[in-house]
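The primary structure of each chain is shown beneath.
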Amino acid sequence: MTAEQRFDYSAPRIFFKTIVARAYPRVVAANRQKSWLFFDMAFPVVGALAMVLVYQGLHAPRQYLGFVIMGGAMLAFWQNVLWSMAAQFSWDRGNGTLELYVISPTTFEAVLLGMALGSMFTVTLRAGVILVVGSLFFGITYAAAGTLPALGVFVLTLSALYCLGMLLASLFLFYGREAWHLSNAMQEPVNFLSGLYFPVHALGAYVGGAASLVPMTLGLDAMRQLLLPGTPVFIPAGTETLLVAAQIPIFALLAGISLRYMESRARAEGKLVTRWE
Amino acid sequence: MEARIAFAVAATHHPSGDSSRLAVETRRLTRVYKTRRETTTALQDVELKVSAGELYGVLGPNGAGKTTLIKILVTLLLPTSGQAFVDGLDVVKEYKGLRSRISMVSGGEQAGYGILKVREQLWMFSQFYGMNSTMARERIDELLERLGLADAANKQITSLSSGMRQKMNLVRGLMTDPRVLFLDEPTVALDVGAARDVRSEVQRWMREDPTRTVILTTHYMQEADELCDRVAIVNRGRIVAEGTPRALKQSVDETVIVDLQLDPGTPLLDRLRAIEGVGAASVREEDGVDRFSLLLNDDAVLPRVMTTVEGAGRRVSGLVRRQPTLEDAFVKLVGRSMTEEEG
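Just so you know, the sequences run in chain order A and B. The letter at position 28 of the first sequence is residue 28 when you use the numbering used here, and the numbering goes up by one with no holes. The letter at position 223 of the second sequence is residue 223 when you use the numbering used here, and the numbering goes up by one with no holes.
Worth double-checking, as some hints may not be accurate.
Stated by the list, open to error - Result set (EDC-like, lysine to aspartate or glutamate): computed pairs, CA atoms no more than 20 Å apart in a straight line: (1) LYS34(B) - GLU109(A); (2) LYS96(B) - GLU269(A); (3) LYS34(B) - GLU263(A); (4) LYS249(B) - ASP259(B); (5) LYS34(B) - GLU269(A); (6) LYS271(A) - GLU188(A); (7) LYS249(B) - ASP263(B); (8) LYS96(B) - GLU226(B); (9) LYS155(B) - ASP141(B); (10) LYS96(B) - GLU263(A); (11) LYS117(B) - GLU142(B); (12) LYS93(B) - GLU269(A); (13) LYS96(B) - GLU109(A); (14) LYS93(B) - GLU263(A).
In case anyone wonders, no lab produced these hints; they're calculated from the structure.
Using the sequences and the accompanying hints, generate a full structural model.
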């Protein structure tokens, strides 16, 4: 192999190899650190179940128990986007790994997708446990006919969420502590506004409309409409699905632009380096 | 004085590089850091020409601008003004194409993920360059073997000593076979054996392919002297001298160099520097005694030095006249030793 050939790896090749390679540490971590089975599953299940019990205590309509369980499952994915994807660049900057990403020929998108996919197994398991345990424990039933369409909506929602995660991650290229505040700010308010524990219809058109900027809002609502008949309709499920699908290219495009822009600003202002003299 | 010496040595060419192709070139490279409180000029009008095949050292005290220079050349930082080219590519405009051709290893590097084993981590980084997995694993095993890390290949990274970790980092830097390898104080805080292994491997890697280039920043004069074809001495963001280690040492050939060992006592460095005929002086404390290095214009200055020492009530426990080292050239050019804080 000549020197020229050695450096001739195509961008798509580097992209896909990076995804697999960056997913690897997370897969390995799940295998080598079994403690996550307890911390990542028991606590969220308890949290979701507690909310169901609150609703039961308030004699809320039975549907609401299903809302909570589905919301609790989706929360796992949202938290993964916020903390294991967007905020990961902050950790990577601290130990110098970000520098090595930057100076390699790979792209941030590939690194972030690798992170997301690497966590998919643990997060899906966590969401699944919440869904199965909660549903069995409280006897929640779902419309069988809505299962496949809901699965499709779920995949679209997840794709849009991860594109949003890339957009958020771009902020961590430039900002440090300030971006942590943003992630914190996007947790509880978004949990509330997305209607994790109640139908988004309850928020009204304006607040619900604003909350729809986060793909989870419309995606979750559409899935509830499909799986829990009688869910108060905010926007019809079909329209919500189209809107979520439209968010995927929009967030992907914005993420790409923002990653380039933030990298350029960070290079200009020395925010990518861990030390200088 | 500094400018004159720099000019005198800058004309020296390195012995082994391919001067027809430049691996690194900078033109009036300047980097200014601005914060709300202050503005710091880390690099100013730096002009560098490093030929392919050279092992080029950048020496300087803390805060001299060495790391800033490296970070610009590896595309992590943008220059405030001026230009920089690595392997013929502009680090600002052609950085995407450049990144597959370079690599960087920093001293004390903690990059990566502790949950991984050595071989796994190295494989992960190889994939960011698109390397074929089989080829990457073969290359990794070969380099681990060469650096005496074969037995640690399946060890988790968190269990490595700092020396083993730095050797692993060097493997990461070498495995993608970069055209230009940047080593930013690669042996800092390593024990003697580990530092020697790192240096040996860098030399061997250079020998394997005469077109490979290494840019090395270091605190250690002996390391620069041993490894580098040429060195640049950087102080306060400027290159104050450049040349082969031999040429730089020759710049202090006319100077009388005296090592003076004194028992602890009143501070003396500023008084020694004030003596007429003392070109430069530095001190380091070692084993409970102060070891002064004095660069004297001629032998006649020594009696004045001894008078000052006696006047300060300091007892002389050793006095040696010796051959110049790169450290002496550095002290003469910069006015202080590498480890001494700027006054």
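Hints versus structure:
1. Between the alpha carbons of LYS34(B) and GLU109(A) the distance comes to roughly 30 Å, so the proposed pair goes past 20 Å and is violated.
2. Straight-line distance between C-alpha atoms of LYS96(B) and GLU269(A) comes to about 19 Å, which keeps the hinted pair within the 20 Å bound.
3. Distance check on the hinted pair: LYS34(B) and GLU263(A) sit about 18 Å apart at the alpha-carbon level, within 20 Å; holds.
4. Proximity of LYS249(B) to ASP259(B) is assessed by CA-CA distance (about 16 Å); at most 20 Å being required, the pair is judged to hold.
5. Of the supplied pair hints, the one linking LYS34(B) and GLU269(A) holds, its CA atoms being roughly 8 Å apart against a limit of 20 Å.
6. About 28 Å separates the Cα atoms of LYS271(A) and GLU188(A), which puts this hinted pair outside 20 Å; it is violated.
7. Distance restraint check for LYS249(B) and ASP263(B): the Cα-Cα separation of roughly 29 Å exceeds the 20 Å cut-off, and the hinted pair is therefore not satisfied.
8. With a C-alpha separation of about 34 Å, the suggested pairing of LYS96(B) with GLU226(B) is violated against the 20 Å cut-off.
9. With a C-alpha separation of about 13 Å, the suggested pair LYS155(B) and ASP141(B) falls inside the 20 Å cut-off, and the hint holds.
10. Between the alpha carbons of LYS96(B) and GLU263(A) the distance comes to roughly 12 Å, so the proposed pair stays at or under 20 Å and holds.
11. With a CA separation close to 16 Å, the supplied pair LYS117(B) and GLU142(B) stays within the 20 Å bound.
12. Restraint check for LYS93(B) and GLU269(A): satisfied, since their Cα atoms lie roughly 17 Å apart, inside the 20 Å limit.
13. Of the pairs offered as hints, the one joining LYS96(B) and GLU109(A) holds, with about 15 Å between alpha carbons and a cut-off of 20 Å not exceeded.
14. Annotation: proposed proximity of LYS93(B) to GLU263(A) holds, straight-line Cα distance about 14 Å (limit 20 Å).
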